[in-house]
Amino acid sequence: MNYLGWLVDGANWGGPQGITQRLIEHLGYTALTMVIALVVAVPLGAWIGHRSTSTGGFVVSGANGLRALPTLGLLVLLVTWIGLGFTGPLIALLVLGIPPILAGTYAGIRNVDRAIVDAATGMGMRGKDVLLKVELPNALPLIIGGIRSSLLQVVSTATIAAYVGLGGLGRFIFDGLAQRDFPQMIGGSILVAVLAVALDLVFGGLQKLLVSPGLQAAPRGPRRLRAVPSPKQQTPAAEAA
Amino acid sequence: MTWVLGNLPLIGDLLVQHIVFSLVPVVIGLVLAIPLGWLADRTRAGRTIVINLSGLLYTIPSLALFVFLPAILGTSILDPINVIVALSVYTVALLVRTIADALSAVPDLVVNSATAMGFTPARRFVGVDLPLAIPVIVAGLRVAAVSSISLVTVGSTVGFGGLGRMFTDGFQRVITAEIIAGIVLVLVLALVVDTLLVQGGKALTPWERAGETVRRGVEA
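Read top to bottom, the protein sequences are chains A and B. If you're matching positions, the first sequence starts at 1 in the working numbering and goes up one per residue. If you're matching positions, the second sequence starts at 1001 in the working numbering and goes up one per residue.
Hints listed in this document are in silico derivations from the structure and should not be mistaken for laboratory results. Some hints could be false.
[What the hints assert, rightly or not] Quick partial rundown of chain A residues pointing at chain B, CB under 8 Å, derived from the structure:
#1 Asn111
#2 Ile160
#3 Val192
#4 Leu210
Using N, Cα and C, we set each Cβ at its ideal position, and we do this for glycine too.
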């Protein structure tokens, strides 16, 4: 069977149920979810992390526990309760999309070297300035990491949402299944995979662009470059001086 | 609740299917990931390839992988083998990196001591490097097993078995109790497997606890 025939056939790309339209729908669901998730999760995660209370640990463990929650079960449950339409799937997408960003932002802020924060306070920066100009830029690698895993989760779940009647690229998989049109199913699945990889690459590139070069060589861990040598490394001459 | 009590045999069958579909891939993935992780730890080129390829494979949404594997494997589109292979791929992608990191974290001092005591490289790997890497490998296995248990359900939208059937069936026939029971069973199964892995890891690494006792003893 020629699996790729469906994908390269121009007739399948246009029209109200064509690949272009479905791709736009898929990107639309993803973009809407991500915007809401970012608006909710980044400020909340930053606030919990910045307040440096010990109660924030549940955020990370909650995000990890969510891995066990079956996406499909959540989707069909919400749609059974709320009814067909976009509201049920949107809630499911948010439930799955928010925790990784929340956990990434929280962990990112908490992992900022305390010495850097102390230095900022010592220079006279207030709480808001410390958060916006010091903690957030330093936390950016982990925040973007969280956004990337959230994005993959959302793209993946938006595909499954076609099962409960939504549009998007998942339509080709389920319509293909219903019509026993396997080239359409496989073509659709290739499109989903390519979209996920492409979006991840875009955000990987964004990470390189946005994160300060000083943080990219050693994003975390003890092997951080230090401007001041530790006492052990000081030469006798320096001590004498 | 009535639905659940009236369909216990069906739920039992689905549960057994689910355990097979989700855990066989984890075992296959672990067996494949150990030699690959060793390779990635040993060579710089291996590490680059493994990190990029596993990242790429992990990016592909599960439903897409379930559906286009037949095009690569030449299997029938609803063959359970597709699910097993797809989830094995995810497990390998996740574990190879973990194992490579765990192996490179084994202290040089220990490795050199083993070599000095006459361990051949192969025996050293099995007898020294691998056991010391167990705690990190178990951490990776927990993520892999829990994800796998959750991901199998996605396959039921394209006709595969397992507890996901309770979601598709409950959705089509609008039986909320069936959907909720399915979610609870998946969560409980994930919790049980996770706990077993933690306990198994502890049983395999008695020296980790011995260290704690000694340290506590010294402090007291």
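Hints and how they fare:
1. Asn111: The hint is violated - A:Asn111 has no Cβ within 8 Å of chain B, the shortest such distance being about 18 Å.
2. Ile160: 6 Å, holds
3. Val192: 4 Å, holds
4. Leu210: 19 Å, violated
Hint check: violations occur at hints 1, 4; the rest are consistent with the structure.
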